[in-house]
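Going by our numbering, the sequence shown opens with residue 67, and the numbers climb by one from there.
Among the hints, erroneous ones may be present.
[Said to hold, decoys possible] 20 angstroms max Cα-Cα, derived EDC-like pairs, lysine to aspartate or glutamate:
#  : residue 1 : residue 2
1  : 320       : 597
2  : 363       : 388
3  : 437       : 597
4  : 426       : 461
5  : 174       : 141
6  : 426       : 388
7  : 348       : 544
8  : 443       : 427
9  : 437       : 461
10 : 433       : 597
11 : 437       : 613
12 : 443       : 571
13 : 441       : 419
14 : 386       : 276
15 : 174       : 214
16 : 448       : 571
17 : 493       : 478
18 : 428       : 564
19 : 519       : 613
20 : 441       : 571
21 : 174       : 304
22 : 290       : 270
23 : 86        : 141
24 : 205       : 354
25 : 376       : 214
26 : 437       : 646
27 : 205       : 166
28 : 533       : 599
29 : 348       : 209
30 : 363       : 276
31 : 262       : 276
[Said to hold, decoys possible] Across the chosen pairs, the derived CB separations fall in these ranges:
#  : residue 1 : residue 2 : range
32 : 259       : 442       : 47 to 55 angstroms
33 : 624       : 241       : 15 to 23 angstroms
34 : 215       : 169       : 19 to 27 angstroms
35 : 247       : 651       : 49 to 57 angstroms
36 : 461       : 622       : 29 to 37 angstroms
37 : 303       : 346       : 24 to 32 angstroms
38 : 96        : 515       : 34 to 42 angstroms
39 : 204       : 515       : 40 to 48 angstroms
40 : 473       : 640       : 46 to 54 angstroms
The hints are simulated quantities; they were obtained by calculation from the structure and are not laboratory data.
Predicted model, so just to flag it, every value in this text is computed and none were measured.
From the three backbone atoms N, C-alpha and C, an ideal C-beta is built for every residue, glycine too.
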Amino acid sequence: MQNRLTNQSNNALQHVVARKLARSVFAGFEAMFSQFLNITLGAQSRFEQRKYHSVQSAMRERLQVYEREVKNVSEAVRVIAYAELTCPQTWQLAKNIYGDMVQNHENKPIAHTFFNSTFGAIWDDKKIRTVHLFVLKAKYRSEPRSYESLVSRVSLHNGFNNAVKTLITNQVFRVPFSQLERDVATLQSTLMQGAKQQCKQVYELINLNDGYIEYANSLFFRNKACYLIGRCIAKNGDNMPFAIAILNTDEGLKIDAVMMGADQLSLLFGFARTYFMVDTDKPARYVDYLSVLMPHKQRFELFNAIGFIKHAKTEFYRHKVDTTKNSPANFKYVTAPGTPGMVMLVFTIEGLDYVYKVIKDKFSAPKTATKAQVKEKYNFVKQADRVGRLVDTHEFRYLAFDLSRFSDELLEQMKSQIGSSMVISGKALILKHVYVERKMTPLNLYITQCDNKTLERVMHDYGKAIKELASANIFPGDMLMKNFGVTRWGRVVFYDFDEICPLTDCNFREVPQTQNALEELSRNSYFDIAENDIFPSQFKVFFSANEIAFNYFNNKHSNLFLATFWQGCQQQVHNGYLPDVYPYKQSWRF
C-alpha cells in the first residue's frame with residue numbers, strides 16, 4: 067500500500083514538473099521568435115536609410131538570438147526540474163505536453179526544433195534517445211500548407227504592361243523611385259523576353275492578357291538590396307518565377323535587375339550568401355511558397371536562406387536520413403575528392419550534395435592550431451558577410467550515421483584520425499562534432515578537367531573571389547586552389563576556414579632586400595617575421611604546378627602579389643567602405 071502511494075506521488079510530481087518544463091520551453095520559444103522578428107522588422111527602415119553597417123550589425127545580432135534564448139531557458143529549466151532534470155520519463159512527459167501545446171501553432175516545426183535544442187543543451191553528451199526529440203516520425207514533419215495569405219495577385223486583364231507597373235507601385239517605400247517609368251519599361255520588356263525564352267505558355271497568355279502576376283507580400287532584404295519575389299502565371303498553371311532586385315541609390319530607388327526562372331532564383335538563394343530578412347510571422351509557409359518557385363531546392367536550404375538556421379539543421383537531418391534509406395545498399399561513405407586536409411577529415415556519400423568535415427585529433431605539419439581555434443574560425447565565418455564567396459556550414463553535435471554505410475577502409479582512417487570525436491553504438495556511428503558543407507568540385511581538380519577558355523574564366527573568378535573577400539574584411543589565409551571549390555554555376559567559393567581571419571588583423575609586407583647573397587641562401591630567415599606578417603609576393607607559389615593557370619590569373623590579378631594592394635583594402639575597411647556585391651550576373655543588370 068505504501069509503495070503504491072509513493073508511486074502515485076512520484077507520478078503526480080513528474081506530471082507537475084513535466085508541465086512546468088513544457089511551459090518554460092514554450093515561453094522561451096515565443097521569446098526567441100519575438101526577438102528574431104523584432105530585429106527583422108527593422109530591415110526595410112535600414113534599407114531606406116541606407117544604414118548598411120546597421121544591416122550587418124542586425125544580422126549578427128539576429129544570429130545570437132536563438133542560442134541566447136536556449137541558454138536562458140536551459141538555466142531556468144535546471145532550477146524548475148531540480149532532481150528530475152535528468153529523469154528520462156519526466157522529459158518524455160514534457161515532450162508530449164509540449165507537443166500538445168504547439169499542435170496548432172503556426173510555427174509548430176520551428177517550435178519542435180527549439181524543444182530539441184533545449185533538451186540537447188541540458189543533456190549535453192549524455193545518451194540522447196530520439197524518443198525524446200521531435201525529429202524523424204512522420205507526425206513531426208509538416209505537410210505543405212496554403213500560402214494564400216502571403217501573396218497578392220495582379221490580373222493581366224488590362225494588359226501586361228499595366229500589371230507590371232501595378233506590381234511595382236503596390237510596393238510601399240518611404241523613398242521614391244528615381245526613374246520609375248524607365249525602370250518599369252525595362253522590367254516589362256525583360257520579363258516578356260524571359261517568358262518568351264523560358265515559358266512559351268506564359269508568353270502566349272501574356273500577349274492574350276490572360277493570367278496574372280503573383281507576388282509575395284513580404285519583401286526580402288539582404289545587404290544593400292531589397293528583392294520582390296513572385297511569378298508570372300498562366301491560367302493553365304504554367305508559371306515563370308522571378309525576383310526583382312531594388313537598390314537605394316543617391317538619387318532614390320532603382321530596379322537593378324530581374325532574375326527569371328528557378329535556376330536564376332537559385333543563384334539568389336545560394337549557399338554562399340548571407341541570410342535574408344523577411345518580415346513574416348509565418349516563415350514555414352514562406353518556405354512552402356519558395357519551394358513552389360524553386361522545386362529543386364530542399365526545405366532545409368530555404369529555411370536557412372531566411373535565417374532559421376537551427377530548424378534548417380533539423381530539416382537537413384531528415385533529408386540525410388531519407389536520402390540514405392532510399393539509396394542502394396552499395397552506396398558507401400567515402401573520402402571526399404580532393405587533396406586530403408591537414409586539419410579536417412572530409413567524407414561524403416553518393417547521392418548527397420554535401421560533405422561532412424571532422425576536426426582531426428592531430429594536425430599535420432606545419433599546422434599548429436588547436437581544435438578550439440579551428441572552431442573559432444568556423445564561428446567567425448558564421449558571423450561574417452560571406453559576399454557569395456564563403457560556403458555556409460552547419461555545425462552538428464552527436465550526429466548519427468548508419469554504421470553499415472562505412473567501408474572498413476574509411477572506418478580505420480576515421481579511428482586513427484578522429485577517434486576522439488566518434489562513438490560506435492550498436493548499428494550507429496555517432497560523431498560528437500561535425501560540420502556539414504555543400505559539395506563542390508575542388509578548384510585544383512576542376513582546372514585539370516576544363517579547356518583553356520573555361521580555365522581563363524575560372525582563374526579570373528578565383529582572383530575576384532579573393533578580392534571580394536578582402537573587401538569584406540576577410541583574409542582566407544591559405545589560398546591554395548585545393549581550398550576553393552567551384553559551384554555548378556562555375557563560381558569560385560572558399561571552404562577551408564582553419565586559417566581565415568579578419569583582413570585588418572594581418573600585416574602585409576614586401577620581402578626585404580638582402581644585404582648579400584649569403585643571406586638569401588641561408589636556411590634561416592634573414593629578417594624578423596611576426597606571426598601576423600603576410601608576404602603577398604610569395605603567393606605565386608600557389609601556381610607552381612600550373613603555369614598556364616598562373617598566366618591567366620596574373621593577367622587579371624597581378625596586384626594581389628603586391629603588399630600595397632592589401633594595405634589599400636585594409637584602409638578601405640578602416641574607412642567604413644562596404645563593397646557592392648551582386649548575387650546575379652553583371653549582364654542581368656539594367
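Each hint tested on the structure:
1. As the CA atoms of residue 320 and residue 597 are separated by approximately 46 angstroms, the hinted pair breaks the 20 angstroms bound.
2. With a CA separation close to 16 angstroms, the supplied pair residue 363 and residue 388 stays within the 20 angstroms bound.
3. Proposed proximity of residue 437 and residue 597 is supported: the alpha carbons are some 19 angstroms apart, at most 20 angstroms.
4. A C-alpha spacing of about 15 angstroms is found between residue 426 and residue 461, which places the hinted pair at or below 20 angstroms, so the restraint holds.
5. Pair hint residue 174 plus residue 141 does not hold up; C-alpha atoms about 23 angstroms apart against a cutoff of 20 angstroms.
6. Straight-line distance between C-alpha atoms of residue 426 and residue 388 comes to about 28 angstroms, which puts the hinted pair past the 20 angstroms bound.
7. Only pairs whose Cα atoms come within 20 angstroms are accepted, and residue 348 paired with residue 544 is rejected, the gap being roughly 42 angstroms.
8. About 17 angstroms separates the Cα atoms of residue 443 and residue 427, which keeps this hinted pair within 20 angstroms; it holds.
9. For a cut-off of 20 angstroms, the pair hint linking residue 437 to residue 461 stands: about 14 angstroms separates their Cα positions.
10. Straight-line distance between C-alpha atoms of residue 433 and residue 597 comes to about 13 angstroms, which keeps the hinted pair within the 20 angstroms bound.
11. Note on residue 437 and residue 613: the hinted pairing is violated, with a Cα-Cα distance of about 36 angstroms set against a maximum of 20 angstroms.
12. Under the criterion of a C-alpha separation no larger than 20 angstroms, the hint pairing residue 443 with residue 571 is consistent with the structure, at around 13 angstroms.
13. The straight-line distance between the Cα atoms of residue 441 and residue 419 is roughly 23 angstroms, outside the 20 angstroms bound, and the hint therefore fails.
14. The straight-line distance between the Cα atoms of residue 386 and residue 276 is roughly 42 angstroms, outside the 20 angstroms bound, and the hint therefore fails.
15. Our distance criterion of 20 angstroms between C-alpha atoms is met by residue 174 and residue 214, whose separation comes to about 19 angstroms.
16. Straight-line distance between C-alpha atoms of residue 448 and residue 571 comes to about 18 angstroms, which keeps the hinted pair within the 20 angstroms bound.
17. For the given pair, residue 493 sits about 17 angstroms from residue 478 by alpha-carbon distance, which is consistent with the 20 angstroms threshold.
18. Under the criterion of a C-alpha separation no larger than 20 angstroms, the hint pairing residue 428 with residue 564 is consistent with the structure, at around 14 angstroms.
19. At roughly 15 angstroms between alpha-carbon atoms, residue 519 and residue 613 fall within 20 angstroms of each other, so this suggested pair holds.
20. Taking the CA atoms of residue 441 and residue 571, the gap is about 18 angstroms. The hint holds against a cut of 20 angstroms.
21. Of the pairs offered as hints, the one joining residue 174 and residue 304 is violated, with about 31 angstroms between alpha carbons and a cut-off of 20 angstroms exceeded.
22. A threshold of 20 angstroms between alpha carbons decides the hint, and for residue 290 with residue 270 the separation of about 35 angstroms lies outside it, so the pair is violated.
23. Of the pairs offered as hints, the one joining residue 86 and residue 141 holds, with about 14 angstroms between alpha carbons and a cut-off of 20 angstroms not exceeded.
24. Restraint check for residue 205 and residue 354: satisfied, since their Cα atoms lie roughly 17 angstroms apart, inside the 20 angstroms limit.
25. Distance hint between residue 376 and residue 214 is unfulfilled; the C-alpha atoms sit about 26 angstroms from each other, more than 20 angstroms.
26. Our distance criterion of 20 angstroms between C-alpha atoms is broken by residue 437 and residue 646, whose separation comes to about 35 angstroms.
27. The straight-line distance between the Cα atoms of residue 205 and residue 166 is roughly 12 angstroms, inside the 20 angstroms bound, and the hint therefore holds.
28. At most 20 angstroms may separate the alpha-carbon atoms for a hinted pair to count; residue 533 and residue 599 meet this at roughly 19 angstroms.
29. A hinted pair counts as satisfied when its Cα atoms are at most 20 angstroms apart, and residue 348 with residue 209 qualifies at roughly 14 angstroms.
30. Between residue 363 and residue 276 the alpha-carbon distance is near 29 angstroms, which puts this suggested pair outside the 20 angstroms criterion.
31. Restraint check for residue 262 and residue 276: the C-alpha separation of about 15 angstroms stays at or below 20 angstroms, so the hint holds.
32. Checking the proposed 47 to 55 angstroms range against residue 259 and residue 442 shows it holds: the Cβ atoms sit about 48 angstroms from each other.
33. Against the hinted window of 15 to 23 angstroms, the Cβ-Cβ separation of residue 624 and residue 241 comes to about 41 angstroms, which falls outside the hint.
34. Remark: the range hint 19 to 27 angstroms for residue 215 to residue 169 is upheld by a beta-carbon distance near 20 angstroms.
35. A hinted range of 49 to 57 angstroms for the beta carbons of residue 247 and residue 651 is inconsistent with their spacing of about 25 angstroms.
36. A C-beta distance of roughly 35 angstroms is found between residue 461 and residue 622, which places it inside the suggested range of 29 to 37 angstroms.
37. Between residue 303 and residue 346 the C-beta distance comes to about 25 angstroms, which sits within the given range of 24 to 32 angstroms.
38. Between residue 96 and residue 515 the beta carbons are some 52 angstroms apart, a value that contradicts the proposed interval 34 to 42 angstroms.
39. The hinted window of 40 to 48 angstroms between residue 204 and residue 515 holds, with their beta carbons roughly 42 angstroms apart.
40. The hint said 46 to 54 angstroms for the Cβ distance between residue 473 and residue 640, and at roughly 51 angstroms that hint holds.
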